[in-house]
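Participant: If you're matching them up, the sequences are chains A and B in order.
Residues 414 to 662 (our numbering) are what the first sequence spells out, left to right.
Residues 164 to 481 (our numbering) are what the second sequence spells out, left to right.
Since the hints were derived computationally from the structure, they do not count as laboratory data.
A hint or two may mislead.
[Said to hold, decoys possible] Label-pair restraints from in silico Cβ distances:
1. 468(B) to 472(A): 47 to 55 Å
2. 451(A) to 179(B): 57 to 65 Å
3. 579(A) to 178(B): 47 to 55 Å
4. 280(B) to 482(A): 26 to 34 Å
5. 538(A) to 299(B): 54 to 62 Å
6. 265(B) to 625(A): 55 to 63 Å
7. 521(A) to 414(B): 37 to 45 Å
8. 499(A) to 304(B): 51 to 59 Å
9. 553(A) to 173(B): 24 to 32 Å
[Claimed, not checked] A partial selection of chain A residues facing chain B, derived with a Cβ cut-off under 8 Å:
10. 485
11. 494
12. 495
13. 504
14. 505
15. 528
16. 572
Each residue gets a CB set at the ideal place from its N, CA and C atoms; glycine is no exception.
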Amino acid sequence: MSVLEVRNLSKRFGSLIAVRDISLTVERGELRAVIGPNGAGKTTFFNLVSGFFAPSAGSILFDGRDITGLPAHRRVALGMTRTFQITEIFPELTVFENVRVAAEAAAGYRLRVWLNRAEAAELHRRVEATLALTALSAKADRLVGELAHGDQRAAEIAMALALRPHLLLLDEPTAGMGDQETYEVTQLIRRLHKDAKLTIVLIEHDMRVVFHLADRITVLDQGGFLAEGTPQEIAASEAVQTAYLGQAA
Amino acid sequence: MTAERQKHLAVLVAIWGALVFAPYWMPLFGGYTALGSRVLVLGLGAMAVNFLLGFTGVLSFGHAAWFGLGAYACGLTLKFVASSTPLGLVAGTLVGGVAGGLLGALLVRRRGIYFAMVTIAFGQVFYYIAFQWLSVTGGDDGLRGFARQPLDFKLFRIDLLHNDVYFYYFVLVCFALAVGIMAFILRSPFGRTMIAIRENERRARFLGIQIELHIWIAFTLSCFFMAFAGALYALVNNFADPRMLHYSLSGDFIIMAVMGGMRTFWGPLLGAIVFVVLQDYLSSVTVNWMSFIGILIVLIVLFFPRGVLGLLRQRRTA
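Isolated chain A, as found in the complex (with noise of 0.2 Å):
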């Protein structure tokens, strides 16, 4: 069953469309890289599916509940969590305290002012569990603001990862880092898919990262739709080298 299918997707601003009419499907366990030139509309399409901000035309279902109309904190509620482009943290708490704030709301916690020695424990094994799995267990204590660029990023998807969705959708995860930085985030990503089984959707610039791990591509241009395939076949298409490239001399 498909996890994510868009339908027909607009969104206009004023007399500006940065999305026109764009439809695609994402099966479970998949994963999707979405790709395009600058202000192709990629970002404006993720925050249509992440409720950001609502569609001018089209619809939107997840798990084949129609989600178009719901807010932001619901789509979250059903398993879908997302990261920004410009990583955003609570920067003056620490790596544990970050990731406890979303194992929290993932839990139901939000409201409350006591958790008793059961609640508190498995919470802080969940915690523990997610940082490790995004090997940041040495910098649990850490705050958040100080760390490096690359551990930022790893302490981000940690957060949106003790939601436990089962998709994440990924902005950009490697923009402005190092080769060493994508390298580390790029594996993370990878044991994402591979060993959690998580769907992910993911907007990169990095073609390496794209055809190191995508399953399949979507191709945006211009705010419309341009191509959809496998790595090689995208690879291989004319109409997306054109698109990077500019017309062939």
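Chain A is already provided as a structure; the job is to place chain B on it using the hints.
Facilitator: Below, chain B alone, put in the same frame as chain A:
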């Protein structure tokens, strides 16, 4: 970890020790017990403002309204309903807190400067009501004709009105109760969610947190603490007047929180001590006492933007 915990415990023992023995050591420095009661009550108000400002990241510039409502409700209860100090406190807390909660529901979608402006506007509404409604509030002359009543425990009575030391300890018990609840909330999952909203609202929203609901609850709790402090303030003075509702008092509370350190739990109390003691001392020397406090604020904001306690904490971790 244990060394840090020991240090934390030592700080707590020092704070509570200083507060418990205040009536005995304050006179050595020219203080007097009633001043101690005022510091505690205004400090509680500053901590209530900071509950919202420092731990949820929301700046209310009209919190004096809930303080003043608590004071008037407490005074009116003592004057017209029943001569019972605890009943006055309960009535003041409920009236101010419920009013704050109701109006808070209207403003949780505003942020930053807009939130601050709307809170000023609401606060000023109450100020003008108190100013104009002569028959009930006494208008500009203030509400008089009530006094704190003795606590009656059947076997014995505690005279709060004539014995300043007894009254100080009564205020201290009330202060400890409120501050204890505040600390308990801040250490809970709910409190941690408040801090998450302060740190990064967008991130918090995409963790599935309903930001508006949380801010509203935090605002309402803060209003209850504020109204409780206001009710106590009516007892401190045996008097309530419209200036307790005015936005300049809201500003004073914010100054106390910022001076002491708004990211710290105890900072606002320290700010209140500095503010109230300076005010008490300087106002007997010059009518322009506020300009000295102004200079002090400028210096603190320029050189220790995290407040006095924030600076101390930074030194420790550095």
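Participant: Each of the hints needs a verdict: does it hold here or not?
Facilitator: Hints, one by one, checked against the model:
1. 468(B) to 472(A): 47 to 55 Å: With Cβ atoms ~48 Å apart, the hint holds.
2. 451(A) to 179(B): 57 to 65 Å: 59 Å, holds
3. 579(A) to 178(B): 47 to 55 Å: 48 Å, holds
4. 280(B) to 482(A): 26 to 34 Å: At 31 Å between Cβs, range holds.
5. 538(A) to 299(B): 54 to 62 Å: 58 Å, holds
6. 265(B) to 625(A): 55 to 63 Å: 56 Å, holds
7. 521(A) to 414(B): 37 to 45 Å: Check passed, 39 Å falls within 37 to 45 Å.
8. 499(A) to 304(B): 51 to 59 Å: At roughly 57 Å between Cβ atoms, residue 304(B) and residue 499(A) fall inside 51 to 59 Å, so the hint holds.
9. 553(A) to 173(B): 24 to 32 Å: 26 Å, holds
10. 485: The hint holds - residue 485(A) has a Cβ within 8 Å of chain B, the shortest such distance being about 6 Å.
11. 494: 7 Å, holds
12. 495: 6 Å, holds
13. 504: 6 Å, holds
14. 505: Constraint on residue 505(A) satisfied, holds at 6 Å.
15. 528: This hint holds: residue 528(A) lies near chain B, its Cβ roughly 6 Å from the closest one there, short of 8 Å.
16. 572: 7 Å, holds
In this structure, none of the earlier numbered hints is contradicted; all agree with it.
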